[in-house]
Amino acid sequence: MSAQAPNVPPESPEQAAETGTLAARIWLRQRSGGVLVPVFTVVIAFLIGGAVVAASGHNPFTAYHDILDGAGLNWFAHPTTDTVNTAAYNLTQTLLATTTLILTGLAVAFAFRCGMFNIGGQGQYFVGLFVANWIGTSWVSMAAGPHVVLGIAAAALAGAVWAGIAGFLKATVGAHEVISTIMLNWIAYWAGSYFIGDGGPLQNSANASLPVSNDVVPGAQLPVFWGDQVLQGVHIGFFIALAALVVFWLVLNRTTLGYEVRAVGFNPEAAAYGGINVKKNLIRAMAISGAFAGLAGGLDMLGYLYRISVSDIPVSQVGFLGIAVALLGRNTAVGVGLAAFLFGALLFGTTHGLQSGSIDPQLASNLTYIIQGLIVLFVGADVLILYVWNSRRRLRRRAQVVA
Amino acid sequence: MAEEFVLEMRGIRKEFPGIVANDDVSFELARGEVHALLGENGAGKSTLMNILYGLYKADGGEIRLGGRPVTFASAKDAIEAGIGMVHQHFMLIPVMTVAENIVLGNEPVRDGVLLDESGAEERVRDLSQRFGLAVDPTALVSQITVGQQQRVEILKALYRGADILILDEPTAVLTPQEAIELFEIIRSLQADGKSIIFISHKLNEVLEIADRITVLRRGKTIETVPREGATQESLARAMVGREVLLRVEKPPAQPGATLLEVRDLLVVDDRGIEKVSAVSFDVRAGEIVGIAGVDGNGQSELIDAITGLRRAAAGTIKVAGRECVHATPREMLDAGVGHIPEDRQRRGLVLEFSIAENIALHDYADPPDAKWGWLFPSRLVERARMLIRQFDVRGGGPLTRAGGLSGGNQQKVIVAREISRDPKVLIAAQPTRGLDVGAIEYLHRRLVEERDEGRAILLISLELEEILSLSDRILVLYEGRIVGEHEGEASEEEIGFEMLGGKREAA
Numbered sequence: 001m002s003a004q005a006p007n008v009p010p011e012s013p014e015q016a017a018e019t020g021t022l023a024a025r026i027w028l029r030q031r032s033g034g035v036l037v038p039v040f041t042v043v044i045a046f047l048i049g050g051a052v053v054a055a056s057g058h059n060p061f062t063a064y065h066d067i068l069d070g071a072g073l074n075w076f077a078h079p080t081t082d083t084v085n086t087a088a089y090n091l092t093q094t095l096l097a098t099t100t101l102i103l104t105g106l107a108v109a110f111a112f113r114c115g116m117f118n119i120g121g122q123g124q125y126f127v128g129l130f131v132a133n134w135i136g137t138s139w140v141s142m143a144a145g146p147h148v149v150l151g152i153a154a155a156a157l158a159g160a161v162w163a164g165i166a167g168f169l170k171a172t173v174g175a176h177e178v179i180s181t182i183m184l185n186w187i188a189y190w191a192g193s194y195f196i197g198d199g200g201p202l203q204n205s206a207n208a209s210l211p212v213s214n215d216v217v218p219g220a221q222l223p224v225f226w227g228d229q230v231l232q233g234v235h236i237g238f239f240i241a242l243a244a245l246v247v248f249w250l251v252l253n254r255t256t257l258g259y260e261v262r263a264v265g266f267n268p269e270a271a272a273y274g275g276i277n278v279k280k281n282l283i284r285a286m287a288i289s290g291a292f293a294g295l296a297g298g299l300d301m302l303g304y305l306y307r308i309s310v311s312d313i314p315v316s317q318v319g320f321l322g323i324a325v326a327l328l329g330r331n332t333a334v335g336v337g338l339a340a341f342l343f344g345a346l347l348f349g350t351t352h353g354l355q356s357g358s359i360d361p362q363l364a365s366n367l368t369y370i371i372q373g374l375i376v377l378f379v380g381a382d383v384l385i386l387y388v389w390n391s392r393r394r395l396r397r398r399a400q401v402v403a
Numbered sequence: 001m002a003e004e005f006v007l008e009m010r011g012i013r014k015e016f017p018g019i020v021a022n023d024d025v026s027f028e029l030a031r032g033e034v035h036a037l038l039g040e041n042g043a044g045k046s047t048l049m050n051i052l053y054g055l056y057k058a059d060g061g062e063i064r065l066g067g068r069p070v071t072f073a074s075a076k077d078a079i080e081a082g083i084g085m086v087h088q089h090f091m092l093i094p095v096m097t098v099a100e101n102i103v104l105g106n107e108p109v110r111d112g113v114l115l116d117e118s119g120a121e122e123r124v125r126d127l128s129q130r131f132g133l134a135v136d137p138t139a140l141v142s143q144i145t146v147g148q149q150q151r152v153e154i155l156k157a158l159y160r161g162a163d164i165l166i167l168d169e170p171t172a173v174l175t176p177q178e179a180i181e182l183f184e185i186i187r188s189l190q191a192d193g194k195s196i197i198f199i200s201h202k203l204n205e206v207l208e209i210a211d212r213i214t215v216l217r218r219g220k221t222i223e224t225v226p227r228e229g230a231t232q233e234s235l236a237r238a239m240v241g242r243e244v245l246l247r248v249e250k251p252p253a254q255p256g257a258t259l260l261e262v263r264d265l266l267v268v269d270d271r272g273i274e275k276v277s278a279v280s281f282d283v284r285a286g287e288i289v290g291i292a293g294v295d296g297n298g299q300s301e302l303i304d305a306i307t308g309l310r311r312a313a314a315g316t317i318k319v320a321g322r323e324c325v326h327a328t329p330r331e332m333l334d335a336g337v338g339h340i341p342e343d344r345q346r347r348g349l350v351l352e353f354s355i356a357e358n359i360a361l362h363d364y365a366d367p368p369d370a371k372w373g374w375l376f377p378s379r380l381v382e383r384a385r386m387l388i389r390q391f392d393v394r395g396g397g398p399l400t401r402a403g404g405l406s407g408g409n410q411q412k413v414i415v416a417r418e419i420s421r422d423p424k425v426l427i428a429a430q431p432t433r434g435l436d437v438g439a440i441e442y443l444h445r446r447l448v449e450e451r452d453e454g455r456a457i458l459l460i461s462l463e464l465e466e467i468l469s470l471s472d473r474i475l476v477l478y479e480g481r482i483v484g485e486h487e488g489e490a491s492e493e494e495i496g497f498e499m500l501g502g503k504r505e506a507a
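Chains S and U, in that order, are what the protein sequence lines are. Numbered according to our numbering, the first sequence spans residues 1 to 403. Numbered according to our numbering, the second sequence spans residues 1 to 507.
None of these hints come from the bench; they were simulated from the model. Any given hint could be a false lead.
Keeping only pairs whose Cα atoms sit at most 30 Å apart, straight-line, the calculated DSSO-like set for lysine-lysine is [to be verified]:
no.	chain 1	residue 1	chain 2	residue 2
1	U	K250	U	K424
2	U	K250	U	K318
3	S	K279	U	K424
4	S	K280	U	K424
5	S	K279	U	K371
6	U	K57	U	K220
7	U	K318	S	K280
8	U	K76	U	K220
9	U	K220	U	K318
10	U	K202	U	K57
11	S	K280	U	K371
12	S	K279	U	K318
13	U	K371	U	K424
14	U	K220	U	K202
15	U	K220	U	K250
16	U	K76	U	K57
Under 7 Å between C-beta atoms, here's a sample of chain S residues computed to sit facing chain U [claimed, not checked]:
no.	residue
17	A208
18	A263
19	N267
20	E269
21	G275
22	Y369
23	G373
Short, incomplete list of chain U residues facing chain S, as computed with Cβ under 10 Å [stated by the list, open to error]:
no.	residue
24	S188
25	D192
26	P329
27	D334
28	G336
29	R346
30	G348
31	V350
32	L351
33	F353
34	A360
35	H362
36	W374
Where is the CB? At the ideal position from N, CA and C, for every residue including glycine.
Working from the sequences, and respecting the hints, build out all of it.
Below, the structure is given as structure tokens:
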């Protein structure tokens, strides 16, 4: 990663700040921090989270221990295939959450590498959910294999189109993608409420009083490879998510498309000078980005949710968590994978691991969001952390000079 | 001779990881003197001045101010000790007025807390009158010219009580006229007893303004000489460490077929203002056509139109006889137009990319770099390694980040990329801006070589000297029109006159 030749003087900070996009600058700063900074960030976030727990009158160590157990991480100490075993069950749930977060994280990371901030992962995830539900509840007699593939592909495509709208608006009229993706989130949100709500096209056909969709037919459900399907086992979508990490890396580093994405992300003007069509790349990168989030929705729907109710919509946060995953994961494939696992474990561990004795129940479900918020805050405060780190080194060197 | 030194720096040493930026550097500044610090990019001038200004801590050596040893922990200490620095990149707040910027950090107040707006303006007016630095204290910084912004920076330093003024490459951002005005300002500061350190790598300037000249090379002091007796040649030799050819040697041109044909070209800028009006000219194989002109007279828009980066509103462009209508940058590249852009960091390179990736910037999607959309990084690296050797790029290998290279080597990467594509037409826009003597010599020689290879070269430069020494034909651009054309020996005065619009009616 750091291929800087040893005989090159460090470039001036002004130079770094002068050129390139926001993405380029953050990228540069993050590279200078290495892997230490994200690890440090997580540790501090956990410390502060612990302080909050302590302030509420509970023992933070017990709370974190419970979260670890709740996330099923104690399974690694006593591995067993028995899924009735609580640790194994908890781990399957953590992996389910990880699957989703890998993909929503990639959705943010890919756009980021093209110099854009995709806040719309949540909306793209929603359209993926809805489309997969529609495909999965229609064509009941379709063969299982094609039905699953069609459902997943349609969900990814829907996410791509949804995000592509924001890319198109940016490329043509210059609408900022942060604004337009937020707007699109709300459109997806309310469109979903209409689809599933009273009289909506996706509403339950058997019981018209329930604001719930139909169930995905068994033929369109993803095979479960670990755990009980009735109790939400880990479906093969987990491997699709892992494959997506590999694809993400390959596309960015081993294809001309990825070269264009990175060139535009770092310096659109130089990219245009190089003969790259910048507008096309903005639209395409957003679409690919949205495909990841749409895929997340598709896998969730066909993998374990099977149905969605109106009340599920406001609760869903995985698209937004993807932002934290991408930021913490440095927008790299490996980083996103690890960060997704961390947040997946937190998400399930806090909601299911914490007994009311070890933590204030009001706090339990919110601890993930506290830690998430702190991590996002600290990622933004990278400069500060690096500055403190460097000035410490400066001080030490000064002390040596004096001595 | 008992000279009084206001500043002595002795045995200064500063190391960065892997490089000794200052190695036993000594520098003395007499009261009321203009002392030039001359050296190539990366010679250690900026490092030395950053140490003096408290931005870096020296690893060794001592600094004496008025005979007393001092140590600066920060720029604040240096400012309090009477040192002011005007950086290459100005540090002004564009939305504030000139007066507000100048008093920032040390504001006159009334009633204890409120900014004394009129008091500030008054003091700024006093200062600017005393030193002949004409600038309106009530103007917003965003609305004044670069030259005026520089005066604001100087005033800011004076306001804080600077006796020693460091000017870091002050003319790099100025037009020739503004540079002349700056020199007058420097002389009036000098007359007032201020001591000035003038950092530059331009020989003619240094010889014009400095009383003494200290030359740095690779982090070491080479010599300190008085202006009397110094010549451009002797200074260049000290800077580079070998004999340097300051004049370009070129045999007469052997022009061939017309490769670039521009007819009645009309280009408007983003605001819809006409920047290039009915421009027509030809560039033939084996000749260098220079376009002279003061900055902002349509050069950038002309280049953008020829390279496809901006759509021409009217007119035709033919490359090697083929008409290119509303061509995209990609189409112009494919038609055989190479382009060394005027802003190498903003446009010519993706600084975060490696050298290898930058060399592939035009051809990344074509074999052998890629096939069916699949990229072969090892082939990029292989090609880069070859070009790095061929074009003598120093400071890193194929995987080195382009942003980590010196300006001269960045330019070599661009030149290597453009020339290796074997273009028919090569557009060189300000190819030597910000480069040091050695790199300029290399680039000029290279351009003449490429001309002799049979390329049509269009040279756009703000430095008249460069145009005069390289071009076989010269066109003068003024307010978007060609107002003069010269072949063979052209007089500098005449072209300079036309550049300011002097012969517009006659043309």
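- Against chain S, is G348 of chain U within 10 Å by beta-carbon distance? Given a least distance of 7 Å, the restraint on G348 of chain U holds.
- Query: Would the hint on D334 of chain U stand, with a C-beta cut-off of 10 Å toward chain S?
  - Reply: At 8 Å from the nearest chain S Cβ, D334 of chain U passes the 10 Å test, so the hint holds.
- Holds or violated: are the alpha carbons of K279 of chain S and K318 of chain U at most 30 Å from each other? holds, 26 Å
- Item | L351 of chain U as chain S interface residue, shortest Cβ-Cβ below 10 Å | holds, 6 Å
- Decide if the proposed pair is consistent with the structure: K76 of chain U and K220 of chain U, CA atoms, cutoff 30 Å inclusive. Given pair K76 of chain U, K220 of chain U holds - Cα atoms ~27 Å apart, limit 30 Å.
- Mind checking the CB of R346 of chain U against every CB in chain S and telling me if the closest is under 10 Å? Nearest chain S Cβ about 6 Å off; hint holds.
- Satisfaction of the P329 of chain U interface hint, Cβ to chain S closer than 10 Å: Check passed: Cβ of P329 of chain U comes within 5 Å of chain S, closer than 10 Å.
- Taken at face value, is the distance from the CA of K371 of chain U to the CA of K280 of chain S at most 30 Å? holds, 20 Å
- Query: If you draw a straight line from the CA of K371 of chain U to the CA of K424 of chain U, is it 30 Å or shorter?
  - Reply: The given pair, whose Cα atoms are some 26 Å apart, holds under the 30 Å limit.
- Straight-line alpha-carbon gap K279 of chain S to K371 of chain U, limit 30 Å: Roughly 23 Å separates the two Cα atoms, so the pair holds.
- Query: Regarding the hint that H362 of chain U lies at the interface with chain S, is the smallest CB-CB distance below 10 Å?
  - Reply: holds, 5 Å
- Do the numbers back the hint for F353 of chain U, that is, is its least Cβ distance to chain S under 10 Å? It holds, given that the least Cβ distance between F353 of chain U and chain S is near 7 Å, below 10 Å.
Checked against the numbered hints above, the structure breaks hints 9, 15, 17, 22, 23, 24, 25 and 28 and satisfies the rest.
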